[in-house]
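Top to bottom, those sequences are chains H and Z. Just so we're aligned, residue 1 is where the first sequence starts under our numbering, counting upward by one. Just so we're aligned, residue 1001 is where the second sequence starts under our numbering, counting upward by one.
Please keep in mind that the hints were generated in silico from the structure rather than gathered at the bench. The C-beta atom is built at its ideal place from N, Cα and C for all residues, glycine as well.
Pair by pair, the computed Cβ-Cβ distance ranges are:
| id | chain 1 | residue 1 | chain 2 | residue 2 | range |
| --- | --- | --- | --- | --- | --- |
| 1 | H | 27 | Z | 1208 | 29 to 37 Å |
| 2 | H | 61 | Z | 1040 | 38 to 46 Å |
| 3 | Z | 1097 | H | 196 | 32 to 40 Å |
| 4 | H | 88 | Z | 1272 | 29 to 37 Å |
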Amino acid sequence: MGKPVSYDTPVIIAPVLRFALLFMVAGLVLIPLLATVLGGFKSLGELRVNPFGLPAHWEWANYWSILSGPRYWQLLLNSLVISVLTVILTLAAASMAAFVFAQVRFFGSKFLLQYLLLGLMFPAATAILPLFIKIRDLGLLDTYWGVVLPQVAFGLGMSILLFRNFFRELPAELFDAAQVDGCGYIRFFRYVTLPLSRPILAVVGVIVFVHSWNSYLLPLVVLNRDSIYPWPLGMMAYQGEYSTDWQLVLAFVTLTIMPAVVMFVVAQKYLVAGLTAGAIKG
Amino acid sequence: MNGKLAVVLLFLPPALFLFTLFVVLPMGEAAWYSVYSWNGYGAPEHFVGLKNYELLFQERAFRTALVNNLLIIVVSLAVQLPLALAMAILLADRFRGAVTFRMIFFVPYILAEVAAGLIWRFVYDGEYGLVARLATGLGFAAPHVLADRDLAMYAILVVIVWKYFGFHMMIYIAGLQQIDKNLYEAAHIDGATGRQILWRITLPLLRPTILLSVFFAVLGSIQFFDLIMPMTRGGPSDSTQTMVTYLYSYGVARMRIGFGSAVGVVLFVICVAFAFGYDRIRSRHG
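Could you put together the complete structure from these sequences and hints?
The structure is reproduced here in structure tokens:
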């Protein structure tokens, strides 16, 4: 740390102080999360007097009552269906379009790309009411598709951009060679481009999945039936029902964020790379 | 030709179709509906001109929302980004524990806003929450933070910093690691102070990264919604509304399609204005 050549050169700070600072910030980040997990193990009475510490008596019943009922699993299943459909459709539509923009020269290609990239700047919220009317008129209210299709549409801009940048980096000789062998665009895409594109497919897939898994406004507007709620809506509904039973709400929150936390721990590298690279390259 | 036409006609339409149907058309329709008074049933017939916009800017709740959005932008830029940068500078090097700290700081970002909001609703709860316990422990009366018109928005700002600084820190770390270490060494040999190095080397070289993170912070601040719903739903008495929570409470929830669309159009115009301004600044300074 005292070495001259390091990125923290601008901040000359004693190691002790540095760690004190880092631990303090880490504490502020973690305390609400730990209190939530532990709160799910307490009784309401204990929560009132001891929201911070370990539970005096571990109340497993809070977690168990949620895990043994169908409600929690139904929410996760709904979210999973919506997110997986969104990822598959986005990857398919975006990679195909990006391939055309990267490989094929044709009149109007620049214009069409600019058109699709318009979506990068605008949040879905700006058009949420007309979107609601459209989904209603298509008969898609209260269906998975009513959430999936608009999510795909709004994710296209960023995904196409990431795919196109990646495809353009692939060596041009590949395509020339394939062409000599009589391989057309579509077969080339299927047998050469896609197999080479696993890293970018993973990055885009992760970004789209996380966005869809966490999304709230669109499902809130489109879905009105408890039975197909994704988990953020279900969690709000649960909180509405048990608002005074904080121990149950905390257990429910803990359990519903578990999949995301597990995914984060397992796929840390991909997730961080995906979420920040998506931001940087976008 | 080698199937050029075929690939264009096969590969482009799915994306173009979905994008046009669910993004571009609704944007256009928002502008159209916004000059009608319409509850969504039948066709929009009751033309009101710019009445919805007039109404909107006369609404106190909407003006509060604009101020709150501005407040979120200011706090994001003035508190969150410097904190993120400081943490990034402390954690950009490889040393024992660096990766662990980075991961810890990034965790709030991967949580869904709704979950983070509920967690903080508990933290701020006047009966069972952490803040209440802290206050009573210090001998004060337990505050009901989110029920207090004067405090609620500030409480939310704290959560915003908590939730997003880790994301910006990660972007900064990536940017810092692009800087040539020889520059630091040269500066060090020349006897530059830490402050000089920060202002003359780190910040100028990090400029593109900082601009990018400012872009995300501002665009995110303009469309702020998810985190507020579980905490206050825009209350108490509209003190924590943002443009989008306002759009939700006064447009969507009451099915005022025309009025809500006008809010959407205003949001849209603000986003466009910001994006253009950002583009100009970026291209002028490279």
